[in-house]
Amino acid sequence: MACDEKKRGSLALPTIQESEEDLDNVILEDIIRASRKKKECRTPSKKISSAEKSKSSDSSARKRLSRQCAEHARVKITTLFNQNDRYDRSIYAVSEDGLTSEESSEAFQPIADEEIMPRGEYGGDSEDEEAVNKGAELFGFGWKTPRKKTTLRTPLKTPTSALKQRINKTPNKTPLKTPDKGRKIVSAQTPQTVRRQLRNKIVKVTSQVLEGNSDAESNGSESDSSSNDEEDRNELKLRAAKNQSMDVTVNTEDYFLAQSSSVHTSDRTLNRLNNPRLSQEAVDSLMENFDDCHSKEKILLMKEYQQQFLQWIFLLREGFNILVYGLGSKRYLLDEFRTRFLDGKNVIVVNGYFPGLTIKEIFNSITDGILEHSGTFFSTVEQLEFIEQEFNSTKIEAYLIIHNMDGPSLQFSREQEVLCRLAAAPGLHVVASTDHINTPLLWDQRKLSQSKFVYFDCTTFAPYSEEISYENSLLVQQSTTLGLASLVHVFASLTFNAKAIFILIAQRQLENNNETNYHGFPFHELYSECRDRMLVNSDLTLRAQLTEFKDHKLLRIRRTPDGTEVLHIPLEKNQLEEFVQKHHE
Amino acid sequence: MATTSSFSKGCFVFKAKPESSGKSPRKKTKKSSNLLHRSNGDLNASSLFGKCDKSSMEIRQDSYKKIWMSTKKKSEDIISDSHKQLLHDVSQFVSENADIGQSSIPTALVALGVNLPDHAAFFSLLDSTLNAHVSPFVAMLNSKECPSLKNMVLKAIQKLTSCDLADDDAEKDEEADEIVPVKPSSKIKTFANLATWYSNVVIKTPLIIILQDLESFSTQQLQDFVLLCREYRVRNKLPIQFIMGIATTVTLQQQLHHRTSVCLATKSFQSRPSIVLLNHLIEQLFMNSSVLKLGPRLMQLLLDGFLYHDLSLSSFLMRVHLIIMQHYITLPVSSLCCSMSELIDRIKKLSAADLDLYRQVPSFMKFIENNRSKVSLLTDDKEFRSFLQKSFEDLNSYSKDFSLSCRILHCLSDGMPDALFGKSLREVYINFLIGAESEDWDRFIQLLNISTSYELQSRIQAALATLKESDVSSALSDFSTSLVLFSEELKRLEQAPDTDTATSPKSPNVFVPKGKKLDKFELKAQLLASAKQARPTSKFDEIKSEIVSWLNSHLARQLKSPTTILFHEVFYAGSQVQSSWDIVPWIRRQVQPVPRVAISKALSDPASYLGCNCCSSNGQGSQILSTMPDLCIVYKLHTECGRLINLYDWMLSFNAIQQKDKDDENEEIEPIIQARFIRAVAQLQLLGFIQSSKRKTDHVARLTWGV
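Going down the list, the protein sequences come from chains A and B.
Using my numbering, read the first sequence as starting at 32 and increasing by one per residue.
Using my numbering, read the second sequence as starting at 574 and increasing by one per residue.
One or more of the hints may lead you astray.
Simulated restraints, written as ranges between beta carbons of each label pair [claimed, not checked]:
| hint | chain 1 | residue 1 | chain 2 | residue 2 | range |
| --- | --- | --- | --- | --- | --- |
| 1 | A | Glu403 | B | Ile848 | 47 to 57 angstroms |
| 2 | B | Thr1200 | A | Ser496 | 19 to 29 angstroms |
| 3 | A | Gln420 | B | Glu804 | 42 to 52 angstroms |
| 4 | A | Asp322 | B | Asn1186 | 13 to 23 angstroms |
| 5 | B | Asn1186 | A | Arg371 | 49 to 59 angstroms |
| 6 | A | Ser496 | B | Ala925 | 50 to 60 angstroms |
| 7 | B | Lys723 | A | Val611 | 24 to 34 angstroms |
| 8 | A | Arg371 | B | Arg945 | 26 to 36 angstroms |
| 9 | B | Thr1200 | A | Arg371 | 52 to 62 angstroms |
No lab work stands behind these hints, which were simulated from the structure alone.
Beta carbons: idealized from backbone N, C-alpha and C, even for Gly.
Chain B on its own, in the form it takes in the complex (with noise of 0.2 angstroms):
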């Protein structure tokens, strides 16, 4: 091809030929994968699902697709659904401020919090549900694309009368409007001309104008704006309404002059706060029956993403993608990663090789050293067949019922002092996919024990309603038995007064004799002594100890982390501990990208990345040897100075590390160690470490401090 630079331009194009025309084909061609593996001096293998023959790369890369697709599916009902309310608020508080009547603008804050990026998502819903429910006419406005007064104006009418052109074009010809090009309505430009052509409009439904982002408005425009759209509206009784998007706690009064927000009728709408979409989404998309899950790892990555930076749940959708998409590619085991339904199927396809990579697995191999006798499995492939089948199976009823008991404990738990496995449902699961302390579980089963009977009793039936909503598997059935027969005991207990309690009076804790005073110590010792002694248990103290030792070992059992139990691997994505199937650190790489680090890191220990003998500093950070590329040794030898930089100086010494083997003295600097360290300079501003500074003669200002 031909080359890419240039002392004219700045952009070169390279057209596709007629005959490939751009559209390229879906799946890798064959071209490209050849000329991968000829460097690799394989030509067999097929491509980047590669490891394995070519059936179980097509099977995970259908797979891959079809989890995706599900997932991506499954997120953006939710999403719609939990915007559901808000945008049914939003529209009929439009419809209700349809007439004309009042002349200060209806106005709808919506606030939507800080995580920006997922805006988009709720004004496209929104647009959507104008469009259908209340009036064609919606101009949605975005800070970036009105600079001025000029271009909002303009862009506001041009989009309010488009969508009516764009209805007119559809029902009479779609051929006419695509051959005109796209410039529609130029002929109405003010606010004048779309009266007029408001007049003309058959059904008069509001004009809606949404400003997606209020805060990013300058507020001499946003000012001027508002009171031009009420001058009109009061005037040509053009029924304008804005619906304004705040991402901050900015309210309208800080952002417009009084003159300006008394115009406007508001009324304020709020969004649900994007920490409890995730956890919802979360709750749907691993916690119910999905098919690929993530391990404690990558959960947690992910969640400190979201948390600690940007609260956006198209990021968190972002990196999910990846992970299924990388767990399909890195994992060679992940060909029998799917529904249940299609398992029988895929294990029966499988290859002798393949069922040697799940031999593989580490959990597998641990199994295996833990029961000899099983070895078997290692040699017979009909056997480990059926085994997989089995182990599988397990997995997949464990990981049901490990979603339900982590339901069932947060409604146990839910409400208790210290929130010890988290507020919230999805705390609680990822707390026990990570492997919950075994202090908090005892500190569960104690403060149960110190429960009162009515708590008691709700906390079991709000584990019981949960039971009840979600399919119940066997190894959960008994469980719910249980429950119910505890929870009916409990009822008795409460209905039938325990007579127990009646006769406890008899017996004081503390027997004070009449007339007689008692010393400090003596009470004391007589509280001391009646604290030993052993209450008389009551009715419901049984039931409850039941319960707890009951609750204590069997709920304990269904919780125990996923990474325990065979050939999860498969199903939780990255939760190998290691190996080099291990996709957390790529994972890792994409949520906290550090380009900055990589680059210092090259430039003060480049034996890192080159893998040299020869420049390897052997821990001493700051040592600087003259094998190391020029560029490393300008960099650390400017890191030693303070904020300007002698350029002579710096050479001096680049030369001095450059001539330090040889032994004649020479103080005149060669061209080419001149010429190096020329390079080198150029180079680290190009990086942005230095920059030219006037300040003193042949100086470099240091941009950077510290190391």
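Okay, chain A solo, but in the shape it has when bound (with noise of 0.2 angstroms):
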């Protein structure tokens, strides 16, 4: 089971190095380092007073510097990401102004750059070259604060976790774990404004321990930001490598503490809120109307990532598959791929999100969809077979695009089996996205290399809105209640005798409703009612017709603690009203 977590990392390398991810960050800080010493050379002063500030050792000084690492991590983020932007856009479009600055100012140092390079032919331009070395300096800056490292650092051992624990073991400070002692005073008796003052304070506390926290980090890594100064860069990466794997590093022992511990949680229910079970439609309206406040970043993080396009195309007529993965839906940027480059041609687009499917599903479009093979199969074996050799002999080409490669029905090694075969196909191209942390267990050795998956990290940030839509969610109700409108229609449906029977349940029901002990009509006062109008003239027949009520869901059956079967329709009282109001006569 530990194993198994670690493996969770990483697809391919488990344990060595797993998060390389923002290689590309890493290296660009590094370019900006560069750029940075640079612009240090020519302003002397600037250094020496950072470097007065950060020796200096009055804490209200180091507050205010602390404020002004967050400012300037927060430019330096936004900076990257242009930079992200640009080197996206160097490889796949012509760069007008040839290389940018970071890349001259590389090779070059600060004396070289002035001199020998003319300005508009290498140096991109001059306001260009300003916000880089902008952003430099201020990356320089927060690069050094112990804040930048503790953001890369595994929470686990950072001072934070401690905090953590501080925080849990003083039960009525944390919102979530409210112990029953602290539960009693909050929930039973204490009026509102003494929890408000008690939240506010612990609010306060909170943010008190947490900034006192970040103080002593930032003394310990001010210590050695000195001593790194003239680090060369090399270790530097390294470092901030180390620190990137370290943010990932699963600590096994964590499992046996998690597993050990007692789980003591409240025992407040849903029921305290005003509407414990909201509907899927109320949900739904509710979000619509609900915007999020990130929508610009997502638009961008989306149009860096259909840049990507024409390397996708490119890869999969190399003879390679694509797979997307990362947090957010990623059904809005397939589609986008799909209609911007694959209008016109062979698709086939798998949900696989989508509860009922199944891969003779996705055969049969194949074969009927694309192949427009007349025959049927007498196995998927032998379909699938089919499918291969069309796909090899022949020059057709298709795309196969799957949402959710790890959806409910495809999570298994017999579906997955067969995707990467079908994905191995030469004619086949498969462009997939998978968003469940444990997809990476589906797949074994022979699997990943028949599918020669090219990965691509497309983190949306998008609400799975569709893929949710399936799925039972915990809190929605749950929608196998009958309603009245399914109830009109199987009615509709029935013979007159099992509308009577119907009838007669539902107006025994109506008639003992405001009855707390009744549980129902007993099944064989119903047998004899019905023999009296001659409804039925059998026990079994009765059965039989009940047996339909209930496939339908219009009836329960149940049986009382002394033995006798009794029928409920589980309908609100002025729903069955209605409804019988409706069709008795």
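Since each chain comes alone in its own frame, lean on the hints to assemble the complex.
What follows is the structure, given as structure tokens:
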């Protein structure tokens, strides 16, 4: 189990440097650092002042500094992003100004830059360079300060985790775990005002602790930042990489800690809410009006990923397949890819998140839809072989887009085996997306090498609205309960006798509605009544009728403690009344 | 296009329009590239290979195709070569046991190693070899296609007989074959049928059944199958033979019951370990005169992937493919990455803009910086062109010498203690590609210094043999002549026993006067004194020191890392340390993809992806800000919990974070907050962080631990 968890981190190499995903960033950081150095050389006064700053032990100055760092870090990230953007563009499009300043700055020392290079040719426009330098300087700042370090370091080992533990120990401070004592005080008698005060206090304390913590941290690394100053780039990069990988190091002992600790959560239930279960429609309609604050950033992200499309097409043509991963729904991205690049080609879109999906359905859409094969197949194996043969021998090409390759109906070894075999066929190009964190466990070596996936991190942050619409959510009112509309539909198709039986049960239920100990219509009573009205002639026919109701969820059959079978219609009173009024004639 | 979401089906088909009829054009359609560049606001850019003008792009695309095709072909040849012996042995075994005399089934057990993806290549080679030399009746079975005994028998019989049918059809008429749907020989369905069918076959060659992955078959099924085959072998004289592929060290006795295993007359065969193949592949692909070589970082990356993960050559080659592709796509200066014969032509064709790109190559910039006198290269295109040609030729001959020097060094250091530069040639090569440590080199020199005449002679001879095998360039020709000289001198020394050695005993190291006993301290003092005394140098020592110092100066010069050479970026993929042309991060993501890390990172630090100012947590990993996406907040809250999470409390804390900024205290949870929370929890469930739990009402179980 522990081993498994470790594997989950990475697809291919679980243990070695798990997180290298942001190496570009690291490299860009280095570049910026380089240019920062340059700038420092030009303006030595600045360096001194910053050094002075960092040396000052005055706590208020430090606070100011950390605030600055925060600001700087923000700017830094934006700069990084711009650069990322530029990096991508430089791959796929013509760069108008030749190389941008980061590139040239890498090799050119400060003087050479100005003296030899005609600015317009090599340096990019001056504004650009200015921005980069600024970002670089800021970045250097952010880099050296501990704040950056803490981002990268695993929270397990940082004081924050200690802090967390501390909070956990004081039960009434965490809003999530409200162990019994705290809960009693809070929920039972305490008036609103006291509770509010308490909460404000918690927030205050927490933020204080957090601040103090960060201060302590900044102390620590300010001292080593000065020694780091002359550190060469390689070392720096290594450290960054190390920090990055620490970010995801899974401490196996945590598993045992988590499993051995006794679970104490509060006993409060959702019934405390005004409306414990919202219906799916209600959630949908509420969410429609809700707009996310990061829509601009998300669009930018999406645009960035869309620039990879040409590369995708090229890779697909070269016999590779594409697999996109990362947080957020990738449906829109893949749809965009399909409409923009695969228009007018053979495309099969498979919604892996669709619960009723079968491999047979995928096969059928390929053989019927694309290959236009009229015959039938004895087994799926045969069908698969036919598909493979067709795509191997003929020139025909098709693109298979699989949303959620790890969806509920595809997450089995056999299904994955088949999909990978399809991906291996030269004429079939697969573009797939995965979301589940344990997806890598689906593939063994053979499948991996068969599928020839090229991986792309497409973290879109888009909501998984389509994907979760099929899933029975935990908090949503289950729609398995009977709706009046469905009752009406089913009822219309019943025979006269069956209708009469159902009305009989409904009337009895309405008559006894106010009685609290009414469990349902006893079966034997119903039988005798039905016989009297000549609706059924035997026990069996009545049961047959009831089974039909049951199958349509119009009726629930239960046994009371004394052993009698009782029948109950799972419908609200007013709905049932309305229904009986309508149909009782 | 139509929508692709529906409540009733999960598959949607978009059929190609008849005019394009599915056969997409080989190059990117104009439309698609236009579309892309419309979004970039640049209509002139031509394609993925971007950046330069059209001709450069085409050149790069062509060179990519050429290089990849040649690499692919070479590697295929190497792999099939390396299997040659094994294939020969196996097919010989099969033909030797062709007679029906013995009752047990002749079985070849082929141990192939754990690199499962590579087995397919071997078996397809085996299939063709057997078809060509031994028998057309070969059935290749795979555990995946034989879930039950019935399937297994059917498949085996179908494959055995279909080979024959295919041959017949090919002889008769091919058209008939095409019309007949894929359901060959459906009449023959049992072993009894097979026996009658076989009795009509003219050429009685053995029926060979290949089980590709022995371990994956269920034991019972395998036993039944073996017993069945043996029964028909004995009774109906069907000359059935088995070839079984084994990946691990499982023996047949472990896999099968004794009753079954006695029916098999086994012989084991062993393929070469894949690491040997890899060494061979690297030597042939990158150390010989290949155009594109791998830079140190990429080489290391690929090796890590190979050694620590899959040991699979096919994945290795796939990564090489990606590297070659990415090198030509990403590197605008890759247009000159071609064989020397094409170089002059291509340099002539370079436009001014292209030349400027070459001027931005980091190693050239460094060069200019150190040689200010060459500044004119930056402005004078003509001069730069000739300079380019010269440095590229230099680089080419350098890399040839480099590989050869590695070979020589490997010969010289072979068998030395500690395996300083690695045991295999591949290790030596990679060590020096990265830049070997000077300590290792010093130790190497030391070890040479203390080696005996015989050792030295044999090492030099080995090095000379290597030199003879390869064509020696000008830089290394004097190398070989001096080596020959040295070896001759050593030989002369051996033949004429040294006179010095005869005279040396005259002065014994420790002089002990007769009759006088030395005490411990005196002895020590004397020994120290004699150690200080310069030992008389023999002729051999002279020659040896000469050899060593010569090697130290000459060989070391040849072995400096390619990353120090001008324009190495063009020929050594992924060798730039920093630049937007760097392909290493991209490749690294392919070798070690980290989907889970990406998700965790996005959840715990959304600002790293979104790049917004509001969510940057300033290093406080656990800090929760109300501006973060709902999913992130809910995720961060859930990491504070144990195995079970109370949904109500969870929702309250979510509400608290959302209401943090507002002063008016409101215990009531607004419906919108509730809806957002519901959404976020459902998404977390989709991602696999939580699942519903029945242990307590309104609780969910957490599926991960730690953070």
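Cross-check of the supplied hints:
Separated by about 48 angstroms at the C-beta atoms, Glu403 (chain A) and Ile848 (chain B) satisfy the suggested range of 47 to 57 angstroms. Look at Thr1200 (chain B) against Ser496 (chain A): about 21 angstroms separates their beta carbons, and that is inside 19 to 29 angstroms. The hinted range of 42 to 52 angstroms is not satisfied by Gln420 (chain A) and Glu804 (chain B), whose Cβ atoms lie roughly 33 angstroms apart. In this structure, Asp322 (chain A) and Asn1186 (chain B) meet the distance hint of 13 to 23 angstroms, their C-beta atoms being roughly 19 angstroms apart.
At roughly 31 angstroms, the beta carbons of Asn1186 (chain B) and Arg371 (chain A) sit outside the given window of 49 to 59 angstroms. Look at Ser496 (chain A) against Ala925 (chain B): about 52 angstroms separates their beta carbons, and that is inside 50 to 60 angstroms. For the pair Lys723 (chain B) and Val611 (chain A), the beta carbons lie near 58 angstroms from each other, so the given range of 24 to 34 angstroms is not met. For the hinted restraint 26 to 36 angstroms between Arg371 (chain A) and Arg945 (chain B), the CB-CB distance of approximately 50 angstroms leaves it violated.
The hinted range of 52 to 62 angstroms is not satisfied by Thr1200 (chain B) and Arg371 (chain A), whose Cβ atoms lie roughly 32 angstroms apart.
This entry does not satisfy hints 3, 5, 7, 8, 9, going by the numbered hints stated previously.
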